[in-house]
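> These are the residues of each chain, in order.
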Amino acid sequence: EAQVTQNPRYLITVTGKKLTVTCSQNMNHEYMSWYRQDPGLGLRQIYYSMNVEVTDKGDVPEGYKVSRKEKRNFPLILESPSPNQTSLYFCASSLSGTSGRGFFGPGTRLTVL
Amino acid sequence: ELKVEQNPLFLSMQEGKNYTIYCNYSTTSDRLYWYRQDPGKSLESLFVLLSNGAVKQEGRLMASLDTKARLSTLHITAAVHDLSATYFCAGGAGSYQLTFGKGTKLSVIP
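Chains as they are written, first to last, in our numbering: chain A, 658 to 770; chain B, 347 to 456.
Certain hints may be false.
Said to hold, decoys possible - The calculated BS3-like cross-link candidates involving lysine-lysine, where the alpha carbons are at most 25 Å apart (straight line), are:
(1) B:K448 <-> A:K714
(2) A:K674 <-> A:K726
(3) B:K349 <-> A:K714
(4) A:K726 <-> A:K714
(5) B:K363 <-> B:K414
(6) A:K675 <-> A:K726
To be verified - From chain B, some residues computed to sit far from chain A (all C-beta separations above 10 Å):
(7) D376
(8) L396
(9) G405
(10) K414
(11) T419
(12) A436
(13) Q443
What the hints assert, rightly or not - Derived contacts from chain A toward chain B, CB cut-off under 10 Å, selection only:
(14) R701
(15) G720
(16) S756
(17) F761
Bear in mind the hints are in silico, worked out from the structure with no lab data behind them. Because the structure is a prediction, the values reported are computed rather than measured. Cβ atoms here follow ideal geometry from the backbone N, Cα and C, with glycine treated the same way.
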């Protein structure tokens with residue numbers, strides 16, 4: 658089954674404790690992206706990747722890091738989480754970043770205390 | 347910088363009625379997407395519109411794109427309760443970046 662998976666689905670952590678949210682897709686998609694969803698703000702793009710070893714900033718990259726060492730994986734790293742990073746995070750992939758239909762993961766609800 | 351505005355943000359409509367959600371964007375966009383999100387769920391892709399005049403239909407939903415007016419519409423025909431969800435449009439302009447509208451929360455009532 659074609660899918661995007663994220664782990665963990667729920668995470669409660671404390672300020673400053675480094676964490677990684679994993680994202681994996683099994684569709685051989687070139688394009689992957691991370692978003693955060695906040696009430697009243699909709700979805701905002703954090704980082705995206707056009708292919709292995711190629712990443713770029715979205716609208717709200719501050720406080721986040723990403724890497725794309727393999728085509729299927731695109732982890733989101735929070736080196737020193739802060740409470741304003743409490744949010745619902747979605748990973749997505751598509752065949753191409755400029756035309757393909759996007760597939761979204763199930764979401765990761767992160768709370769930073 | 348591309349800005350995407352949806353309206354209305356909230357829409358309550360009766361079953362059987364027709365309505366349109368509007369998605370305006372600020373600069374030239376070379377692709378426009380529509381997504382659906384059910385409460386507590388992820389996003390599901392509905393339509394991808396890539397050229398001026400593009401029209402796509404699935405079931406009671408029809409999306410169109412007018413690049414000259416910088417406008418995309420999502421038209422709902424004879425609404426049913428199952429269409430209750432939040433609908434997002436998203437646009438891309440010349441890069442791989444994607445900008446979402448704030449979403450339209452649709453409630454279809456009997």
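> Next, verify each hint and record whether it holds.
Verification of the hints:
Simply put, K448 of chain B and K714 of chain A have alpha-carbon atoms about 20 Å apart, close enough for the 25 Å limit, and the pair holds. For the hint pairing K674 of chain A with K726 of chain A, the CA-to-CA distance comes to about 23 Å; that is within 25 Å, so the pair holds. Of the supplied pair hints, the one linking K349 of chain B and K714 of chain A holds, its CA atoms being roughly 17 Å apart against a limit of 25 Å. With a C-alpha separation of about 17 Å, the suggested pairing of K726 of chain A with K714 of chain A holds against the 25 Å cut-off.
A hinted pair counts as satisfied when its Cα atoms are at most 25 Å apart, and K363 of chain B with K414 of chain B does not qualify at roughly 29 Å. The hinted pair formed by K675 of chain A and K726 of chain A meets the criterion: a straight-line CA distance of about 20 Å does not exceed 25 Å. In this structure D376 of chain B is not separated from chain A by more than 10 Å, as the shortest Cβ-Cβ distance comes to only about 7 Å. With a cut of 10 Å on Cβ distances, L396 of chain B falls inside the contact zone with chain A, its closest approach being about 6 Å.
Under the 10 Å C-beta cut-off, the non-interface status given to G405 of chain B relative to chain A holds; the minimum distance is some 17 Å. A cut-off of 10 Å between C-beta atoms confirms that K414 of chain B is not in contact with chain A; the least separation is 20 Å. Listed as outside the interface, T419 of chain B is consistent with that label: its C-beta sits roughly 18 Å from the nearest C-beta of chain A, beyond the 10 Å cut-off. Under the 10 Å C-beta cut-off, the non-interface status given to A436 of chain B relative to chain A is violated; the minimum distance is some 8 Å.
With a least beta-carbon separation of about 6 Å from chain A, Q443 of chain B fails to lie farther than 10 Å from that chain, contradicting its non-interface assignment. Annotation: interface hint on R701 of chain A holds; nearest CB of chain B at approximately 7 Å, less than 10 Å. Annotation: interface hint on G720 of chain A violated; nearest CB of chain B at approximately 18 Å, more than 10 Å. Restraint check, S756 of chain A versus chain B: the minimum CB separation of about 6 Å is within 10 Å; hint holds.
The beta carbon of F761 of chain A is positioned within 10 Å of a beta carbon in chain B (closest approach about 4 Å), and the interface hint is therefore held.
In this structure, the hints that do not hold are numbers 5, 7, 8, 12, 13, 15, in rising order.
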